[in-house]
Amino acid sequence: MRDYIIRRLLLLIPIMLLVSFMTHATFRIIPGSAAHLICGIGCTDEVVDDLEAEFGLDENFFQQYGEWLGVWPDDDEGNKFSGVLQGDFGESFLNRGESVTDRLVRTLPVTAELMILSLIFAVVLGIPPGVLSAIRPGTLADLVVRMTSVAWLSVPNFYLAILVIAFGSNWFGWLPPNFGTGNAVKIWEDPLQNLETFFFPSLVLSLGIAAVIMRLTRSSMLEVMRNDYVRTAWSKGLKERTVVWRHALKNAMIPVLTIIGLQVGALIGGSVLIESVFALNGMGKYLLASVIGRDLLVVQSLVLIFALVFVLINLIVDISYAWLDPRIRYG
Amino acid sequence: MAKEAALELDAPLTPPSAAPRWLKMLRLARAHPLGVFGLLCILLVMFCALFADVIVPYDPEALLTGPVKEGPSLSHPFGTDRLGSDVFSRTIFGARIAMLIGLVSVSLGMVLGSAVGIASGYFGGFVDSVLQRLVDALLAFPAIVMLLAIIAVIGNDDSSVRVFLNDNTPIPEGKWWGIPNFLDIIVISMAIGIAIAVGAARVVRGAVLSLKENVYIEAARAMGASDLRIMARHVLPNVAALIVVLGTIFLPIAILAEAAISFLGVGVPAGTPSWGSDMGNLSNRDDAIGRGIWWVVFFPGLALSLVVLGFNLLGDSFRDISDPRLRGGGGSGGASRTGF
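Chains as they are written, first to last, in our numbering: chain R, 6 to 336; chain C, 75 to 414.
Just so you know, these hints were derived from the structure itself, not from any lab.
In this text, all values refer to a predicted model and were calculated from it rather than measured experimentally.
Treat the hints loosely; a few may be bogus.
To be verified - Computed beta-carbon distance windows for the label pairs:
1) Ser147/C to Met152/R: 31 to 37 angstroms
2) Leu109/R to Val185/C: 37 to 43 angstroms
3) Leu243/R to Arg207/C: 46 to 52 angstroms
4) Leu243/R to Ala93/C: 28 to 34 angstroms
5) Ala93/C to Val149/R: 30 to 36 angstroms
Note that beta-carbon positions come from the ideal geometry of N, C-alpha and C, so glycine has one too.
Extracted from the complex, chain R is given alone in its bound form (with noise of 0.2 angstroms):
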């Protein structure tokens, strides 16, 4: 087991190698960078090449991304080795100067929250109904969880996310604290308030994949009740919960965790819409400016966070099944 989860950590440094790589190719190859973005209408070439060398976009391409990884020693910053590496982002392009390890500080817990709180959503949303309408199929709890799943699945997140703010806002007087801001108060500091901001962005992400979750847990728990085990326990006259939540349930849970696991990269889409509509100001809102201004170090380093973020909590999930299913073994 500790032999399978080395392994596996090891594995993600190709991984995050190959993302961040990718990412950076991709901005340094396409046309128009930042500096251009920058300049504006009507700038001329000089102006732009200032910016550039800046930035340090007339570098050569590979010791640029050297620079950042922190493997090249930087030669703006007396020849240290400053980058990913040693715990440094770069600055940003577009906000001149600022640091972009400062800035995921700031982003980082916001993101993690909306997350975190939406997954909790999704589980509790997901599974009881999913199992209850399993364990009694073609009743009228079945037909009522079917389609609020199906429901679920169709209304798009973000439209979800503008009709609640705009019905609360019309009808009962209510916004999200701090709306206009953006800037959510720590959890540590006023909790209450702090589950008031995120409590409606959290559910509004949470339900297309609470609605996955109770599909799968639906038919992963048909499936297992019908195995001869679970007839066992039925005959030997176990209560239905005894059967039901002892017997049952963990076998059905193993699809449900594995979609779980994949739903993370759908989080990470959401989290950038979501954040967008309620104001907050976390690492989705962060991505999008950053996309859209071609600010590349930023890109880079936040595409590393994602997929690193989506790597290990897979990899979580993968060693979750041993504790689920003792047969499972790493070996």
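Given the coordinates of chain R, assemble chain C onto it according to the supplied hints.
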């Protein structure tokens, strides 16, 4: 199950297989009312897309068709926005734009994706490794991030096409089929098509991998057929059905993707009557949030939800028919995986 048994008891002399085709279809439809409802939703939107210019009471881009910011009324069923445009006309025209972008991007994605997938699966070895690592890296990005990056590369208007063609002559701002900014919309479809191709390539490759072990491929090669001929005449027809199915799965995803990027303001040009941009443009958002003018965002989003609902219900019914055990449960609901 019980319904089928009853049917056989009522008419024991005419087994279902002997029933005329329309009757079989009718039975299928009765057994899957939700699927029929989904189909009707899709047909309704397609009808709106085809006959948008006949249905709409006003030009969707016309300003001051009535009083500004007026709620739903008889002359303006969905109300008017702050410029006095008719929201009903814009929503109906949005169907045309959504369907156009959906169909163009899915066609492009399927052609591109199956070309890459077939080549990758058929040749194997080095080509396969390189292509699949590329696909791996692209799939590591969340769909919308990948889409944003593609748009950053090729742009969301026709300027990049013009640079490519080395042509700076202004293109006359004519409408094609009533659609403004037609060329820009094609560029958006290309961006979505590329993103779709990445996912499609992976699936098609998987199918080709098992397909190429068939004896008839070996027979064709023994008869001296070239690789290109084998791929075109023997591999492609056998994955054609899969490609069509993939296309129908990706269509609602493409429509959602267009709405999402237009909502973020990097999709169709401002003023185009697209559902996403009507929901997302800042003046409509301000009006809806601060001033109680909810209809400018409510109806375009409702139309979008209706299309996605239609495809989801229809897809569920198809799954039920092919595997009745998983009634209403199977699958994971394609569209939401992408995070829209």
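Those earlier numbered hints the structure runs against, lowest number first: Hint 4 is the one this structure does not satisfy, whereas the remaining hints hold.
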